[in-house]
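**Student:** Sequence:
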Amino acid sequence: ILRDGRTWKYVDCGPKEVPPLICLPGTSGSCYCFFMQQSSLLTKGYRVMSFDIPIVHTHKEFCSSLDCLMDHLKIPQAHFYGVSLGGFLAQAFCLLYPKRVH
1 ILRDGRTWKY VDCGPKEVPP LICLPGTSGS CYCFFMQQSS LLTKGYRVMS
51 FDIPIVHTHK EFCSSLDCLM DHLKIPQAHF YGVSLGGFLA QAFCLLYPKR
101 VH
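Residue numbers (my numbering): 1 to 102.
Hints were generated in silico from the structure; no laboratory data involved. Hints should not be assumed to be uniformly reliable.
Quick list of simulated restraints, FRET-style, between CB atoms [what the hints assert, rightly or not]:
no., residue 1, residue 2, range
1, G87, K9, 18 to 26 Å
2, Q77, V11, 18 to 26 Å
3, T58, K9, 14 to 22 Å
4, L73, C33, 15 to 23 Å
5, S28, K74, 24 to 32 Å
6, T43, S64, 32 to 40 Å
7, K74, P98, 14 to 22 Å
8, G87, V18, 19 to 27 Å
9, S40, G5, 28 to 36 Å
10, H59, E17, 29 to 37 Å
11, V101, T43, 21 to 29 Å
12, V18, P98, 16 to 24 Å
Straight line, CA to CA, 30 Å or less: simulated DSS-like cross-link-like pairs of lysine-lysine [unchecked claim]:
no., residue 1, residue 2
13, K60, K74
14, K16, K99
15, K9, K99
16, K74, K16
17, K74, K99
18, K44, K99
19, K44, K74
20, K60, K99
21, K60, K9
These numbers were taken from a predicted model, which means no experiment stands behind them. Yeah, the Cβ is synthetic: ideal placement off N, Cα and C, and Gly gets one too.
Start from the sequences, fold in the hints, and give me the full structure.
**Tutor:** Next up, the structure:
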């Protein structure tokens with residue numbers, strides 16, 4: 001999806017009525033590296049989304065772009081999980097946009 005001038009590739013599994021768990025990969029990961037987590041959590045009724053990290057220059061730029069993407073996808077709040085760089089970006093997003101954290 002093209003949003004905020006950036007291309008976002010993502011996988012979205014599970015019921016749309018519940019706040020998703022947004023998974024962010026490390027530097028060399030992709031949205032597909034969370035397949036096992038998605039498969040397991042999907043059977044328990046959770047919504048799991050995983051995103052590729054688009055090209056950005058700063059963590060604040062990433063956070064702003066993710067905020068715009070969440071607006072576009074009509075996701076008011078989510079849970080966040082990240083690995084390596086994705087963990088850093090998840091923490092940065094939660095600090096900058098605390099009302100988005102479920």
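**Student:** Could you run down the list of hints and mark each one as holding or not?
**Tutor:** Here is how each hint holds up against the structure:
no., hint, in the structure
1, G87 - K9: 18 to 26 Å, "19 Å, holds"
2, Q77 - V11: 18 to 26 Å, "19 Å, holds"
3, T58 - K9: 14 to 22 Å, "21 Å, holds"
4, L73 - C33: 15 to 23 Å, "20 Å, holds"
5, S28 - K74: 24 to 32 Å, "31 Å, holds"
6, T43 - S64: 32 to 40 Å, "34 Å, holds"
7, K74 - P98: 14 to 22 Å, "19 Å, holds"
8, G87 - V18: 19 to 27 Å, "23 Å, holds"
9, S40 - G5: 28 to 36 Å, "34 Å, holds"
10, H59 - E17: 29 to 37 Å, "31 Å, holds"
11, V101 - T43: 21 to 29 Å, "25 Å, holds"
12, V18 - P98: 16 to 24 Å, "20 Å, holds"
13, K60 - K74, "21 Å, holds"
14, K16 - K99, "19 Å, holds"
15, K9 - K99, "24 Å, holds"
16, K74 - K16, "10 Å, holds"
17, K74 - K99, "14 Å, holds"
18, K44 - K99, "26 Å, holds"
19, K44 - K74, "23 Å, holds"
20, K60 - K99, "16 Å, holds"
21, K60 - K9, "19 Å, holds"
Checked against the numbered hints given earlier, this structure breaks none of them.
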